[in-house]
Amino acid sequence: MLNFKRKLTIMDNISFDLAEKDNPRKKMPWYHAFSFLFLWAALFFAVVFPLYNVLPISVNIDEEIFKPGQFVAERAQHLLLELDRLGPKIIGDVVNEKTMIDFLLREMDIVHRVMRHDLYDLEVDVQQVSGSYLHLEIVRMYQAVQNVVVKLSSKKSNSTSYLLVNSHYDTKPGSVGVGDAGSMVVTMLEVLRQLATSSDPFEHPIVFLFNGAEESSLQGAHGFITQHRWSPSCKAFINLDSVGSGGREILFRGGPNHRWLMSHYKAAAKHPFATTMAEEIFQTGVIKSNTDFKIFRDFGRLPGLDMVIQYNGYVYHTKYDRFEFITRESLQNTGDNVLSLVKSLSNSKEMQFTQLFVLRISYHRHSNDRPQWYRDESGCGNCLPVCFGHDNGTGFLGATHQCVPLSYYNNRGLDVHNLYILHDICFGDGFPLSP
Numbered sequence: 001m002l003n004f005k006r007k008l009t010i011m012d013n014i015s016f017d018l019a020e021k022d023n024p025r026k027k028m029p030w031y032h033a034f035s036f037l038f039l040w041a042a043l044f045f046a047v048v049f050p051l052y053n054v055l056p057i058s059v060n061i062d063e064e065i066f067k068p069g070q071f072v073a074e075r076a077q078h079l080l081l082e083l084d085r086l087g088p089k090i091i092g093d094v095v096n097e098k099t100m101i102d103f104l105l106r107e108m109d110i111v112h113r114v115m116r117h118d119l120y121d122l123e124v125d126v127q128q129v130s131g132s133y134l135h136l137e138i139v140r141m142y143q144a145v146q147n148v149v150v151k152l153s154s155k156k157s158n159s160t161s162y163l164l165v166n167s168h169y170d171t172k173p174g175s176v177g178v179g180d181a182g183s184m185v186v187t188m189l190e191v192l193r194q195l196a197t198s199s200d201p202f203e204h205p206i207v208f209l210f211n212g213a214e215e216s217s218l219q220g221a222h223g224f225i226t227q228h229r230w231s232p233s234c235k236a237f238i239n240l241d242s243v244g245s246g247g248r249e250i251l252f253r254g255g256p257n258h259r260w261l262m263s264h265y266k267a268a269a270k271h272p273f274a275t276t277m278a279e280e281i282f283q284t285g286v287i288k289s290n291t292d293f294k295i296f297r298d299f300g301r302l303p304g305l306d307m308v309i310q311y312n313g314y315v316y317h318t319k320y321d322r323f324e325f326i327t328r329e330s331l332q333n334t335g336d337n338v339l340s341l342v343k344s345l346s347n348s349k350e351m352q353f354t355q356l357f358v359l360r361i362s363y364h365r366h367s368n369d370r371p372q373w374y375r376d377e378s379g380c381g382n383c384l385p386v387c388f389g390h391d392n393g394t395g396f397l398g399a400t401h402q403c404v405p406l407s408y409y410n411n412r413g414l415d416v417h418n419l420y421i422l423h424d425i426c427f428g429d430g431f432p433l434s435p
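Under the working numbering, think of the first position of the sequence shown as 1, with each following residue one higher.
Note that these hints are calculated values from the structure, not bench results. All figures in this text were calculated on a predicted structure; none of them were measured in a lab. You may find that some hints are simply not true.
[As the list claims (entries may be wrong)] Here are the simulated DSS-like cross-link-like pairs (lysine-lysine), alpha carbons at most 27 Å apart as the crow flies:
#1 K349 with K155
#2 K319 with K343
#3 K349 with K156
#4 K266 with K67
#5 K319 with K172
#6 K319 with K266
#7 K319 with K156
#8 K343 with K294
#9 K156 with K294
#10 K343 with K155
#11 K156 with K67
#12 K343 with K67
#13 K98 with K151
#14 K151 with K294
#15 K270 with K67
#16 K155 with K98
#17 K319 with K270
#18 K266 with K349
#19 K98 with K266
#20 K294 with K349
#21 K172 with K67
#22 K349 with K172
#23 K266 with K172
#24 K270 with K172
#25 K294 with K67
#26 K151 with K266
#27 K151 with K319
[To be verified] Simulated restraints on C-beta separations:
#28 D102 with K155: 47 to 55 Å
#29 E82 with I57: 32 to 40 Å
#30 I281 with V54: 42 to 50 Å
#31 R229 with F353: 20 to 28 Å
#32 F353 with Y320: 41 to 49 Å
#33 M141 with M277: 31 to 39 Å
#34 P29 with Y320: 30 to 38 Å
#35 M28 with E63: 33 to 41 Å
By construction, the Cβ of each residue, glycine as well, lies at the ideal position given by its N, Cα and C atoms.
Put together the whole structure using the sequences plus the hints.
Dropping the structure here:
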């Protein structure tokens, strides 16, 4: 019996040796993973990080005549300085409820004077609204919240599908809110001016919502989407917000279930920068705060895009959120993207049929408009982002540039899942959006 066991052991060893000879590739030791990590870190600091800080050259007011139709960052910067001098804009305070309303109405008068009256109609409404809703398991009640709502429409169009562009001008107590979200407010004002003076009319009316109560649990957005007379006609939206100050803005949330929005962003944005990683973080429930995107999605059943500034995040909701952090180049970057995206969406055919997407998905949960993935190939906005469906997302990731190094290391015993996570964190890789 002992001899029989010894023979089996010898035969097993011989079989193992033969298998080793048949397979000349040997597993690489685990500690070689550090060289792989060093490679990606070197690429990040040598390529991605410098490119991330490259911003477009700003357009000045005296150059406007030579660059018609372009976002003028200098004019937006002048308005931003005015907002900085106003100080904090707290809901219920005279600065937020009176001074800011006067400021916005003054700018609407200026736009009305310079606009193409033969091509466009401009309507302005100061909404004062009260209501209640459930937010974060707490009943939120508000009274006399104010929004400044502006609709720009083409005289030759009879479309009843509106594009909504939203940001807020109120701030946290003690914060001037130049980044959050004064920079987005002045961006909207300049975008409105450029559209109103353009010689190329658009198909769908555009509603600009200057929201006066976002910091108080998103009340302004709720008041508009549930009670304003223009809200039933809004079919899609762009939400602009900030969790920092300066730098480039990032598109971190889209849809849900409307891949065409990302297709327009990819085609129209001049300086695209997008990742869905933040959406995954929101899904975990770790971050209790949110943006107006949630209100428009949950109460208005609207698809949209959520764009935020996240650079210099340490000044967010503090007294240091001041004018000096916002460069003119940063405003130009955001303005170029928002202006081109608004032009694209306001002429899109999909705007008329957004509800059909929802109905089709309700009955066919396995349609092609399931949760989407998107990513910026360089992670720094200097390459076009890639947008693809959830079903083929994994296959696409395996077919892109990381497939060679990851398959190489996977054959040698490393955990490919962890390598994906590392690469995603460093380079803004795609993650699935919520359905």
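Now for the hints, and whether the structure bears them out:
| no. | hint | in the structure |
| --- | --- | --- |
| 1 | K349 with K155 | holds (18 Å) |
| 2 | K319 with K343 | violated (35 Å) |
| 3 | K349 with K156 | holds (16 Å) |
| 4 | K266 with K67 | holds (23 Å) |
| 5 | K319 with K172 | holds (9 Å) |
| 6 | K319 with K266 | violated (36 Å) |
| 7 | K319 with K156 | violated (47 Å) |
| 8 | K343 with K294 | holds (24 Å) |
| 9 | K156 with K294 | violated (33 Å) |
| 10 | K343 with K155 | holds (16 Å) |
| 11 | K156 with K67 | holds (26 Å) |
| 12 | K343 with K67 | holds (17 Å) |
| 13 | K98 with K151 | holds (21 Å) |
| 14 | K151 with K294 | holds (22 Å) |
| 15 | K270 with K67 | holds (15 Å) |
| 16 | K155 with K98 | violated (32 Å) |
| 17 | K319 with K270 | violated (32 Å) |
| 18 | K266 with K349 | holds (16 Å) |
| 19 | K98 with K266 | violated (39 Å) |
| 20 | K294 with K349 | holds (25 Å) |
| 21 | K172 with K67 | violated (37 Å) |
| 22 | K349 with K172 | violated (39 Å) |
| 23 | K266 with K172 | violated (33 Å) |
| 24 | K270 with K172 | violated (32 Å) |
| 25 | K294 with K67 | violated (37 Å) |
| 26 | K151 with K266 | holds (26 Å) |
| 27 | K151 with K319 | violated (33 Å) |
| 28 | D102 with K155: 47 to 55 Å | violated (29 Å) |
| 29 | E82 with I57: 32 to 40 Å | violated (24 Å) |
| 30 | I281 with V54: 42 to 50 Å | violated (26 Å) |
| 31 | R229 with F353: 20 to 28 Å | holds (23 Å) |
| 32 | F353 with Y320: 41 to 49 Å | holds (45 Å) |
| 33 | M141 with M277: 31 to 39 Å | holds (34 Å) |
| 34 | P29 with Y320: 30 to 38 Å | violated (48 Å) |
| 35 | M28 with E63: 33 to 41 Å | violated (57 Å) |
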